[in-house]
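Line by line, the protein sequences give chains A and B.
So in my numbering, spot 69 of the first sequence is number 69, and the numbers just go up one at a time.
So in my numbering, spot 110 of the second sequence is number 110, and the numbers just go up one at a time.
It is possible that some hints are incorrect.
To be verified - Some but not every residue of chain B turned toward chain A, in silico, with C-beta under 10 Å:
1. 5
2. 19
3. 23
4. 90
5. 127
Said to hold, decoys possible - Computed far set for chain B versus chain A, every beta-carbon distance over 12 Å:
6. 42
7. 45
8. 82
9. 88
10. 129
11. 197
No lab work stands behind these hints: they were computed from the structure.
The C-beta atom is built at its ideal place from N, Cα and C for all residues, glycine as well.
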Amino acid sequence: MLPLDLSGLGRAGIDLAYVVTGFCFGFVLEQAGFGNARNLAAQFYLRDMRVLKVMFTAIVTAMLLLFGADVMGLLKPGALYINPTHLWPGIVGGIVFGVGFVIGGYCPGTSIVSLATLKLDGLCFVVGMVLGMVCFGETVSRFRAFFETSGNLGELTLAQVFGVPQGLVVVLVVAMALGMFWAAERIEAYFATR
Amino acid sequence: MLSTRRLAAGAALGGALVLWIIHSPEPASRLAARQSSLEKKLASEEIRIDPAEVLELSYNPAARLKLLDLRDENEYNLFHIAGSRRVGLEALACGDLPPLSRDDRVVVVSNGEGRAAKAWLLLSAAGFEKVYILAGGIHGWLKAFAGPGVFDEGMPKCPFDDCRRYRFDAALGDRHPAADPDPEVLTGRTFPRKIELKTPRKRVSGSCG
Chain A
1 MLPLDLSGLG
11 RAGIDLAYVV
21 TGFCFGFVLE
31 QAGFGNARNL
41 AAQFYLRDMR
51 VLKVMFTAIV
61 TAMLLLFGAD
71 VMGLLKPGAL
81 YINPTHLWPG
91 IVGGIVFGVG
101 FVIGGYCPGT
111 SIVSLATLKL
121 DGLCFVVGMV
131 LGMVCFGETV
141 SRFRAFFETS
151 GNLGELTLAQ
161 VFGVPQGLVV
171 VLVVAMALGM
181 FWAAERIEAY
191 FATR
Chain B
1 MLSTRRLAAG
11 AALGGALVLW
21 IIHSPEPASR
31 LAARQSSLEK
41 KLASEEIRID
51 PAEVLELSYN
61 PAARLKLLDL
71 RDENEYNLFH
81 IAGSRRVGLE
91 ALACGDLPPL
101 SRDDRVVVVS
111 NGEGRAAKAW
121 LLLSAAGFEK
131 VYILAGGIHG
141 WLKAFAGPGV
151 FDEGMPKCPF
161 DDCRRYRFDA
171 ALGDRHPAAD
181 PDPEVLTGRT
191 FPRKIELKTP
201 RKRVSGSCG
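Construct the entire structure; sequences and hints are all you get.
Listed below in structure tokens is the structure:
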């Protein structure tokens, strides 16, 4: 039954599983070209939509595997952590993240991938990110109320918001992703010549 | 000739449609898949908690105790533990769950343990991991806190002791003293503790990559 119980591996074995998983994740990001800021920033200029394609492929794949495991009774009910929805902090965080992404050319994970391939811009981004984390950590008490209570909607899923079955949400997200892939190809073709 | 892309797109959409069709979200359906493993746990004493421990936990907000009473409405109106909420077994089986958090400790209550055991199975199958049965049910509670004259040994006993064996002169609900006993009654009383309260660690979410 999923998630797998790794306790039999011991402390060192579990740590090794984290390292292997992290390595595989970074390897896939690098293979997708996400260790290069030009590829990532091109998303915002609509010339290269690989970020959208890779991310939505990952979402659809993970969603279908998780939902399939649930349907087949392989997923332990309740084991899946649903991140609570904090509406306004999510909006503010999304804007900050997006602005940082288009200016720096990376998001947190891809900057680490870039650093792993010894890119200078990746190093600068990681240093800036660490400094930002320190500043945030030192000042978070001033706006803790905003982060913890503003727009706190609890553990919310799309099925709950729209009052439709989970299965229908899965079908709609797959259809949406396919529609976006189709549109992305046309947008790329249009902007590549401009 | 179909391209690989179109095949992959068709497989994803077709797979999603098939999963939607065969998906059964009701706890009763989920229970069928996990029945044998859950029944082993149901047979253990670890999930049965003593009335004294329930009373003790009810005074500790960190326990996040939720009492679900599975008895009929008339039995519930006759007497119920203060703070408990009545739910029907049929509603639970259909997925009509009361508002509960995964962090709540849910104690299911029936006259004995029959309906409570069924509710335990349904809630566990629905993904609630901190579900317990009130040991001895309302009968056990009344024996522990109501004093003589309420629990009637002479009334007929049915399987799992789930038929009512108590008498009240009127429908008192939670107005009877035994519904909300003074915690002082626990002084000097020993009972097996099944729940160890730990300081919860805040869960962290992952990043986007």
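### Message
Flag every earlier hint the structure violates by its number, smallest first.
### Response
Hint check: 4, 10 fail, others pass.
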